[in-house]
Every structure is written in structure tokens, then in C-alpha cells.
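Add chain V to chain P, keeping to what the hints say.
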Amino acid sequence: MSAITAPGAAGQAPDISTNAQQRARFRRGNIFVALLGIAALLTFASLVTLLWTTAADGYSRLSWDLLTNMPTASARRVNDAGLSSALWGTIWVIGLTAIIAFPVGTCAAVYLEEYGPKNRFTRLMQINIANLAGVPSIVYGLLGLGIFAEIFALGRSVITGALTMAILILPIIIIASREAIRSVPPSLREAGYGLGATKWQVTWSHVLPSALPGILTGTILALSRAIGESAPLIVAGAVPTLLFRPQGLESTYSALPVQIYDWISRPQKEFHELAAAGIIVLLLVLIVMNSAAIIIRQRFSSKLKG
Amino acid sequence: MTNQALGRAAGIERGVVPIKTEQEIARALTSTSSQKVSEKIIGYFLLACGTLSIFTTIGIVFILFNEAIKFFADESFIDFLTGTEWTALFGSPQFGVLALVSGTFTIAILAMLVAIPIGLLCAIFLSEYAPPGVRAILKPIMELLAGIPTIVFGYFALTFLTPSIIRKLFDGAGVFNKFSAAIAVGIMIIPLVASLSEDALNAVPRALREGAYGLGATKMETTLKVVVPSALSGIVASFVLAISRAFGETMIVVVASGSKAWWNWDPLQQGQTMTGYMVQAFSGDVTRGGVVYESLFAVGLLLFLITFVLNIISNLIVNKFREAYE
Numbered sequence: 001m002s003a004i005t006a007p008g009a010a011g012q013a014p015d016i017s018t019n020a021q022q023r024a025r026f027r028r029g030n031i032f033v034a035l036l037g038i039a040a041l042l043t044f045a046s047l048v049t050l051l052w053t054t055a056a057d058g059y060s061r062l063s064w065d066l067l068t069n070m071p072t073a074s075a076r077r078v079n080d081a082g083l084s085s086a087l088w089g090t091i092w093v094i095g096l097t098a099i100i101a102f103p104v105g106t107c108a109a110v111y112l113e114e115y116g117p118k119n120r121f122t123r124l125m126q127i128n129i130a131n132l133a134g135v136p137s138i139v140y141g142l143l144g145l146g147i148f149a150e151i152f153a154l155g156r157s158v159i160t161g162a163l164t165m166a167i168l169i170l171p172i173i174i175i176a177s178r179e180a181i182r183s184v185p186p187s188l189r190e191a192g193y194g195l196g197a198t199k200w201q202v203t204w205s206h207v208l209p210s211a212l213p214g215i216l217t218g219t220i221l222a223l224s225r226a227i228g229e230s231a232p233l234i235v236a237g238a239v240p241t242l243l244f245r246p247q248g249l250e251s252t253y254s255a256l257p258v259q260i261y262d263w264i265s266r267p268q269k270e271f272h273e274l275a276a277a278g279i280i281v282l283l284l285v286l287i288v289m290n291s292a293a294i295i296i297r298q299r300f301s302s303k304l305k306g
Numbered sequence: 001m002t003n004q005a006l007g008r009a010a011g012i013e014r015g016v017v018p019i020k021t022e023q024e025i026a027r028a029l030t031s032t033s034s035q036k037v038s039e040k041i042i043g044y045f046l047l048a049c050g051t052l053s054i055f056t057t058i059g060i061v062f063i064l065f066n067e068a069i070k071f072f073a074d075e076s077f078i079d080f081l082t083g084t085e086w087t088a089l090f091g092s093p094q095f096g097v098l099a100l101v102s103g104t105f106t107i108a109i110l111a112m113l114v115a116i117p118i119g120l121l122c123a124i125f126l127s128e129y130a131p132p133g134v135r136a137i138l139k140p141i142m143e144l145l146a147g148i149p150t151i152v153f154g155y156f157a158l159t160f161l162t163p164s165i166i167r168k169l170f171d172g173a174g175v176f177n178k179f180s181a182a183i184a185v186g187i188m189i190i191p192l193v194a195s196l197s198e199d200a201l202n203a204v205p206r207a208l209r210e211g212a213y214g215l216g217a218t219k220m221e222t223t224l225k226v227v228v229p230s231a232l233s234g235i236v237a238s239f240v241l242a243i244s245r246a247f248g249e250t251m252i253v254v255v256a257s258g259s260k261a262w263w264n265w266d267p268l269q270q271g272q273t274m275t276g277y278m279v280q281a282f283s284g285d286v287t288r289g290g291v292v293y294e295s296l297f298a299v300g301l302l303l304f305l306i307t308f309v310l311n312i313i314s315n316l317i318v319n320k321f322r323e324a325y326e
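Protein chains in written order, with this note's numbering: chain P, 1 to 306; chain V, 1 to 326.
Hint data in this document are derived by calculation from the structure and do not stem from the laboratory.
Predicted model, so just to flag it, every value in this text is computed and none were measured.
Warning: the hint list may mix true and false statements.
Stated by the list, open to error - Pulled a few chain P residues facing chain V out of the computed Cβ check, cut under 10 Å:
id, residue
1, A39
2, N131
3, L132
4, P240
5, L243
6, G248
As the list claims (entries may be wrong) - 30 Å max Cα-Cα, derived BS3-like pairs, lysine-lysine:
id, chain 1, residue 1, chain 2, residue 2
7, V, K225, V, K320
8, V, K168, P, K269
9, P, K269, P, K199
10, V, K225, V, K168
11, V, K36, P, K199
12, P, K118, V, K168
13, P, K118, V, K36
14, V, K320, P, K118
15, V, K139, V, K225
16, V, K40, P, K199
17, P, K269, V, K139
18, V, K320, V, K70
Every residue, glycine too, gets a C-beta built ideally from N, C-alpha and C.
Excised from the complex, chain P in its bound form:
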């Protein structure tokens, strides 16, 4: 704790203070620093405990079979249970989500930053996007169910799940992409215009390439949020303990967090271990994706500087 106390004490330089009142003020300051340290330690401790207990519960169930076997609901066959259908369901849904959300999100951001006139309508769009980012994810599930599954008659299929997820993460992608586009220096655009390029030519060949790392990073982070979302998929029709992988866009599907939820909600301890193993797989996928985002950010930012 002394390392934490040091800067506080150094800033106070209590040379003149000799009376008791002065000392009491500094003592209060030290207590406050201790409180801050406790808050930080509590946060740190909860993260470590969370990861540690999950890893301890699940590691014995980690194996190659976990990835290639189908799940089971029967306690007798729990040793052969796997995540195959859930894993492939997630790959299908998130892959499609990326294909839909990345171009649409980028285009919306380009519109808001480069094309949109500074009027009420554009402002309304911005406020609306900020508000959408705060809508609970389960409400998006209801939207997906009501609009895509029922009105568009897509049923409880992979494409319904992907469209729902795409709508869910669009605000995040748009906000991140706008940030990236805004950080492209205006001189780059002016150089393009100076050569007689049209607005789209400037956007396509100057603005987007420079903003791409930021847009990609934002998209990957948004997708990793989507991977962990279970509530909207449960509402929009993902099914746990499915015995087949998705066959196509119209296929019934499962997803990693949905399968994990199913196992958690069973009373037997074996299923809880399976759930913990599933969580480890899920977290590993997230770590890989986040590392990819960090690598992209660092590689491109160093390139731009050099």
C-alpha cells in the first residue's frame, strides 16, 4: 500500500503543519487513500476470483472432445458431452453478423461524418444511435422475434439470429467508426479534392483506408460483445442441446452462451463443470479476438506514424 500512499503524501509537503488539526487533516487523507486502494483491490480481487473459480471448475472437462462432440441433456452421458453444435452455431451467427454489420455500420458512420448535412435530421440520427446503445439487449431479442422471425417469416433460424445481432451491435460499430473517421486529418481530404477527386473518391481512397484500423478494431470489439450475448438469441430462437450443426441460413441453431446457460440451469454438478469448461472456451475465443483488435490497432498506428 505504501506505493499508493506515496504520491498523495508527496503532494502535501506538510512542513509548516505542526498543530494537531493539521495532522488530523492529513490523517483523513491517508484513510481516504486507503479506501481508494481497497476499492481498486476489490475490483481486482473479484476479477481474479471469477476467473480462478471458473477455471478450477472447468479445466478437468477441457478436451478435444468438448469441441467436437454434441451436447447432451442426459446426466448419464455427461462425459461425452461437447459443444460442437453450439460452437458452429456461434461461428455461423457471428460470421453472418460481421458480414452484415461491418459494411452497414461503416456506411452509416461515413454518412454521419462526411456526407450528412449539419441539420436537425443528422443530429436526430446521432442522438438516436446513442440511445439505441443503451437499450437492453433482450429488447433486441423481442425485435428480432417480432420483425425477422414473424413478420419476415424467417423463423427461428441462423439468419434471424444474425440480423438480430447485427442490429444490436450496429450502434457500437457506428460510434467507433465515426471516431476513427473523425481522426483522419482534414489535410488528407483537401489533398484529394485539390486533385479534382469527387467526394466519394476522396472518401474511398483517402478517408476509409486511414480510418480502417479504427473501424476494424471497433467492429471486432463489437463482435466480441455479440459472441457473449445470450439473452437476445434465446428470445429470437436459439435452441440449446441441439444435436446437429447449422445446415444453412434457414437452419435451427444453437450458440455457445446459450448452451452454457442450459448447462448452468441444470442442478447436477457435472453439468456445472461442463458449463465452466464452456465458459473457458468462450473466454479463449474472446481473448483471441481482443488480441487481434489490439494487434491491428498497434500495427497500423505505427505504420501511420512511420
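Only chain V this time, still in chain P's reference frame:
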């Protein structure tokens, strides 16, 4: 398009100098008509992508109201808002949403009691006190915590918080209880409160702090009496957003706080929330057109309206009460 192609489009061939008048240059430099058309089309396409977000909002509002209106055609609106019996999935269903609201509020309030003090203290620590080395550790921890899926917090609440902490401390606590769900929700929200509050604290200009030091204030006095009050609008806005997040939180609550919907504010008992009911119903088999299906949208509408109002309040706080420095 390369520069050469651009030159050709503008009528400037290499070696030949066909430029005659300024007017001609101007005409050559402005794009050809087909280019103009495609520019227009691209512009409209981008606009369409932008307006998609508006259609999303319209879609949400439409679908929620559409089904909720059908629900209220069969069930009394007053009974829905004032009833405390929620037996939607039983034989003779009753739809008193206060049963779900009590669960939701208990968990949200308790979660705030965890997230607000810890989140704010972490924010103060990060922005005012932490030396760079500690900051370099604590920041990524916050980001990691923010990136963990909520179902993982649910598992944590059910298999660790409940048996190892809550049931050890409190005799009457059940296998499913609102307390451990609320603690997990609170931990999940700490990064949100911390990062938004830290942004607000960082926006307070240095001169204010130096002024306080110049008057002889200690570091704590400066922080608590000058910096925090100056950043109060951003900090309070982060609290409101956090409450909104707690209301909408689903998987932690579904996993850890049980599935009994009743009017009950005891954190040690189980209790279902609005989101919890939705997941429970959809995990079974609900058919379209039934009253249960419609009730899901009525509950969803209530949840949407609550979080929507909270988000608006948060925005208003930021915009109206922000101290603008510079």
C-alpha cells in the same frame, strides 16, 4: 481512380496540352454526368445505412406496442400495473407486473450499492491518485471486466457467491437469492461507472486543482471538495446509465436469482425480474398469438420505457448541468 485516370477524365493527356479557356478547365474538372449519377446513388445508399438506426427504433417501438396493445385488449391495463400476482405460466394466469418489478428493483438497487461506491472510488483513484504503474494495471483490468459475458457473471454468482459467501454469512439465504445476483450485477457494472466517471474527472481543468492546493487544501480536500463537485454532472450521469444497465441485465439474474415471481423485497429470497421472466418463458415453448407471448412484449415495453427514460435523464444531466471549462 489513379491520378492519371483523373487527368484523363479532366481532358489533360500527357504531352498534349488541350487546355483552352478557364471555362473548359472548369467543365473538364467537374465530373462527367455518369459519375455524377453514381455519386448521387452512393450518397443515397449511405443515407439509407444511416437511417437504418432510425428504423431500428421505429421497429422496436412498433413491435412492442403492437403486441402489448393486443395484450391489453384481453387483460386489464390497471391490473397489469398495480397487481402483485404474476402467474403467467400457470393454468389460470394472472398478470400483475409489480411482482416482477419488485424483483427487478431489489436487484438494481443492491447492485448500485455495490457499483456506485466502488466504481466512483476506482475512478477517483485512476484519475487523481494512481501512479502510472498502478494505472497501467488497473485500466486493463477494468476493460477485461467490462468484456466478460454476463452469463459468466451468472455462473460466478450461482456457483461461488451464493454457496461460498452469501449462504455462509446469512442463514436464511436460499440456493437462489437476489443478493448474490445483485452483487454480480454490481461487479459487472463497476467498469461502466468507473470509466464514465473517470472521463468526467479528467475533464476538470488542472487550474482548479492548483487553485485549491494554493489555498492550502490537502489532496483529499482538493479531490472531494473541488474536483468531484466540478465533475458531478458526468458522475451522476454515469450512475443513471448504470441503473439503466442494471434494469436491463438478464443472464446473471436468470441464473442466480431463481424463477419465483412474487411481491418480495427480501434480498435473501429468490425472486424473478422482468428480464428473467422473458428468458424463462422463451426457454419453454411459447406460441405466437397466445396471451403469454403478448405478455412478453408488454413486459418488454415496460422495460424499454424505463431504460429509455433513464437514458434520456442521463443525457439531460450531462447537457444541462455540465460545467463548461475553457
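Hints and how they fare:
no., hint, verdict
1, A39, "3 Å, holds"
2, N131, "6 Å, holds"
3, L132, "6 Å, holds"
4, P240, "8 Å, holds"
5, L243, "18 Å, violated"
6, G248, "23 Å, violated"
7, V:K225 <-> V:K320, "21 Å, holds"
8, V:K168 <-> P:K269, "20 Å, holds"
9, P:K269 <-> P:K199, "61 Å, violated"
10, V:K225 <-> V:K168, "40 Å, violated"
11, V:K36 <-> P:K199, "10 Å, holds"
12, P:K118 <-> V:K168, "59 Å, violated"
13, P:K118 <-> V:K36, "22 Å, holds"
14, V:K320 <-> P:K118, "22 Å, holds"
15, V:K139 <-> V:K225, "25 Å, holds"
16, V:K40 <-> P:K199, "10 Å, holds"
17, P:K269 <-> V:K139, "35 Å, violated"
18, V:K320 <-> V:K70, "39 Å, violated"
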